[in-house]
Every structure is written in structure tokens, then in C-alpha cells.
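Given these sequences and hints, build the entire structure.
Residue numbers (the numbering used here), protein chains in the order written: chain A, 1 to 138; chain B, 1001 to 1399.
Everything labelled a hint here was simulated from the structure, so no lab data went into it. Source: prediction; values computed, not measured. Treat the hints with care, since some could be wrong.
Okay, the calculated bits of chain A under chain B, using three or more residues with CB under 8 Å as the criterion [as the list claims (entries may be wrong)]: (1) 77-86; (2) 102-113.
Below, a list of computed lysine to any residue pairs in the SDA-like style, where the Cα atoms sit at most 20 Å apart [what the hints assert, rightly or not]: (3) B:Lys1186 - B:Pro1224; (4) B:Lys1129 - A:Gln73; (5) B:Lys1129 - A:Pro77.
Glycine included, each C-beta is placed from N, C-alpha and C at the ideal position.
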Amino acid sequence: MNARPIPVPNDTTAPFWAAAGDHVLTLARCSNCSALTLPPEPVCGHCGSTDREITFEPVDGAGVIRSWTVVRQSFLPGFDDDVPFVLVDVELDAAEDVRLIGRFLDGIDAPLALGLAVDLAWEDLNDDVALPAFRLRP
Amino acid sequence: MTRSFRARNEVAIVGYAHSKIERRSDRTLGAITVDTTRAAIADAGLSVDQIDGFVGSALFPTAGDHLIIDGVSTVSPNWLARSLGVNPRYAAGFSGMGQIPGSVALAVNAIAGGAADHVVLHRALHNPKGRYHGSSRASFGGEQQWTAPQGYFGPLAMIALPTTEYLERYGATREGLAAIAVEARKNGSRIPWSFWHDRPLAAETYLDAEPMFDPICQYDCDIPVDGVATFVFTSAERARDLPHRPVHVSGYATGAPTRSRMPLHWPLDDIMDGGRETARRLWAAVGVGSDEVDLPQLYDGFSPFIWFWLESLGFCEPGEAHRFIADGGIDSDRPDGLPVLSGGGALGNGRMHGIPQMLESYLQLAGRAGDRQRDANVALACHASPHLGGAVVYTNDPG
Ligand SMILES: [Zn+2]
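In C-alpha cells:
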């Protein structure tokens, strides 16, 4: 059976994935204006700086659901045993307008609604690679 | 600040040709494109040696692993010019979203600016062997490192998220999406070159289909096809001496990304905020408003785009488009219906990108729609999403 595709870090994003492997969510902080973003861009979307340090800083992964979809057919390898599964679009409480898309781990029958609070969870793809995911806040 | 378009109505479409739309053609895409373009030039009453401009978009809109080969799986303006034996004064490809409005803008600006006299605009779309969006990649770098490992991949996932938002916010349902697909296929079934000719869609068929990415099912998506369309543009002055009634370009507008997002992440608010700006630019450029458009041809590569365009352009209040449609508001057979899918759209023709909208605008305004002829003087043709795509306004009455 095919494995699911894994993320390939680059020089900029390697710290994010290293922290994720330890189940720590980080966002990119701009050294010029302090804004938190993900993904990090070559030019800061907040201050326009092209010459800045990006540091990945741990944040709380709580947020609210902005949308979702139930994936019943995947176009990628490795998901055949996973479908159907839910992906949620989550706006993080930690930074304005920063949104992550991750697996929702409470199953396809959990009641979903716009604005519901979720907490961060993790999906381990292998011993080193983990992806941010979410569960309903108890 | 947005100004009115200085070249308003100075450039016109004077001819066209359209290939058959087939699921998979037994001919090479490049050969179909050359044949279609020769036919369009002849239709305009011109000869190939008079064409000195070539524009278009060569985007092959697949998320999958398919090879992109000019002349085979896509056709660029330069490839087409060379294959017709022309060394054009002007050749340009549009690389943004809203490939048809973007390409129309290139044609109009080239002619109005004197860079070319007679410009060919073509679009050639190909359905490759294998799954259109299928990928076998074991890893993703670049921007997709943030989304593909989770399984967020391809345009169905992209459109599913804002559609869920719309359903939840405004109480719309799958029945509301079905009504759009049924209207598109009804009109497409009457079009001889359509892949769906004589094959309307029943709402029950739609509702029986299991979604692929909830709430999006196969009938919300245009079907991949092999097909080509070509249009010929020239100045309004030269158009007077050509055989067909010219259809003038009054103006155009395209959207632009406003915020950095994850790849393929289109929150509903981004679509609608950007769409209202696209509409504001459009009405300022052309000097008319939505109430002066007889024939708004809205883009429907995914059915919920009809909601988003109706509301962005001001035909409906935010959140009201699904009710407007449920009340028969877009039934093109009703005298009071807004005929937004009278040309069948992408859902009723096949994945021809913005061509069905542009073609219906042209045919109706040129008086060349045959049995389907309507009384119209101002048409609008959209393509792609309201926040990243664009729209063109046409008229046969330039005043
Ligand atoms: Zn900054």
C-alpha cells in the first residue's frame, strides 16, 4: 500500500516541521513588524519587509471552525483507508486571520458548525513527521 | 481609483469558430486548434496573412501528474502562430486567473494601441488519459507542503470549503446546487456542439449522487473535454467592412489576490470581498450597471460560482442568490428570468473554461444564435472566481 505524501521542508520552513515533529505548533514571526503568519512569504504581507528574520514561535493551537468538507474520494496516494474523513478550516485564536487546514479527528459524524471551538491535536505520519490536526473542544 | 475604459467599444469580435466538444478526441489538440482557427479567420472574412496578433492562455488546469506539451496537451499563442506560418507583430499569453477575460484584455489593448490590426484569441483544452486531478506524488515541497499531506488537494477541496460556508451561513442546500446544474444542462442539451447535447440532467440524478468533497458532487463540476474555440478581433472601424455584425468590447475587469492564504484556500469572505471590487472596477470601466445587462453569462466551472457571481455583481443581495434561483430567477425559458446560463456554461458544455460565456455573448449579440436567438444588446461574460477571475462587457450597440 502507498504511504501518504509527506511534507518536504525547505531552509525557511525546516524549523516549523522540526517543532511539529515534537507536537509543537509554531507560526512565523516577522522580525520587522512582529506579525505572525503561516505560510511564511518571501515578502512580509503585513509590513512589506524583504529583509527580515523569520523565527518560528510556539503558539497555542486553539481556534474556531470557519469551514469544513468531508473527503470521500482522494486524488492522492495513501488515503484509501482513511476516506471518508473531515478537513476543517480553522482560524487560530493566536493570530488574527491566520488559518490552518487540518484533519478533524472526531470522525465524520461529529456535529460541526461554523464558529465551533477546536483544540489542536496531531496526526503522526511517521516517527518524525506530524501534521497539525483538530478536535472539538470538550 | 478606477477610470472608464478609454478604448470602450473601439475593438470588436468579428468572427469565431468552435470545434466539437468531445470527451477524448482522436485528433491532436494542436491540429484541432489550427483547423478551428483557420475556420474562425475565414468566418471573419479575413485571410491568415492578415492576422498579426495572437493571444490566449495556455494553462492546463490540472492538479495531477500530466505532462504539459505545447501543441499536444495545451496550445500557446506562439505555437499557434508558428503552426499557421505567421510571424505576428504581437503575441502574448495571459498567465493570471480568469484566462478568457485576461486574454480579451490583451487582444483589445493590442488593437487599441496599434500593436496589431487583426488578433486571434484561442483557447484549447485537453482531457488527458488517466484521472484528471490524480497524483501519485509521495511528497510535497513548496506551498503544497502546508496542505497536501493533510489530504487538502485539488480544486474540489478548494471549492468545497466556501460552499460549506455559504450553505451554513445562508441556509442553502444541495437542492440549491442541483438547480444550477439542472439549468446549465438544460441549456447545454440544446447546443449541438456541446458534450451534453440532448442530455439534460434531472434533479433526482443530482441528489442521488454521493458528494466527493461534501457538499460538492460530480454534477457540480464541469466534465474534462477536448475542445477548441477561436475568436477574431479587429478595430470597430475595420469591423464595418466585414461580413458579420460586430460585437464590441465595452470594457473588462479582473480581480487580484488580497491576502496571503494556504494554496487553494478560498474563504467565502475573500471571494465576496474580492468579487465586489472586481464588479466595482467593471461597472466603472464600462459605464453601465448590472441593471443594463441583458445577458449576464456567469461562470459555472463549479456550480456555487453562480451564487458568488450573482451576489458579487449585484444581481442579488448577499446570501439571497440561492433563493432567487429557487424562485426561477435564472430560468432562461422564463421571460422574466435572468439568462445567466443560457449558453449552457461549463456545466452544460464541458470544461471549456470561460469560452461558453464568451461564445453565448458573441452569438446572441451578433444575431447568430439560430433557434436560441434572444433579444439582447449588452452581455457580460465571466470567468473563474469573482475574486481572482474577471469579466468582460460586450455590446452590439456602441452608440
Ligand atoms: Zn512584517
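Are 3 or more residues of the segment 102-113 of chain A near chain B, judged by a Cβ distance of less than 8 Å? holds (count 3)
For a C-alpha distance cap of 20 Å, please report whether B:Lys1129 and A:Pro77 respect it. Holds, at about 18 Å.
Are the Cα positions of B:Lys1129 and A:Gln73 separated by 20 Å at most? holds, 19 Å
Coverage criterion applied to the segment 77-86 of chain A (partner chain B; beta-carbon cut 8 Å; 3 residues): As far as the segment 77-86 of chain A goes, the hint holds, because 4 residues have Cβ atoms under 8 Å from chain B.
20 Å Cα cutoff - pair B:Lys1186, B:Pro1224: It holds: about 19 Å lies between the C-alpha atoms, which stays within 20 Å.
Of the numbered hints given earlier, the model fails none.
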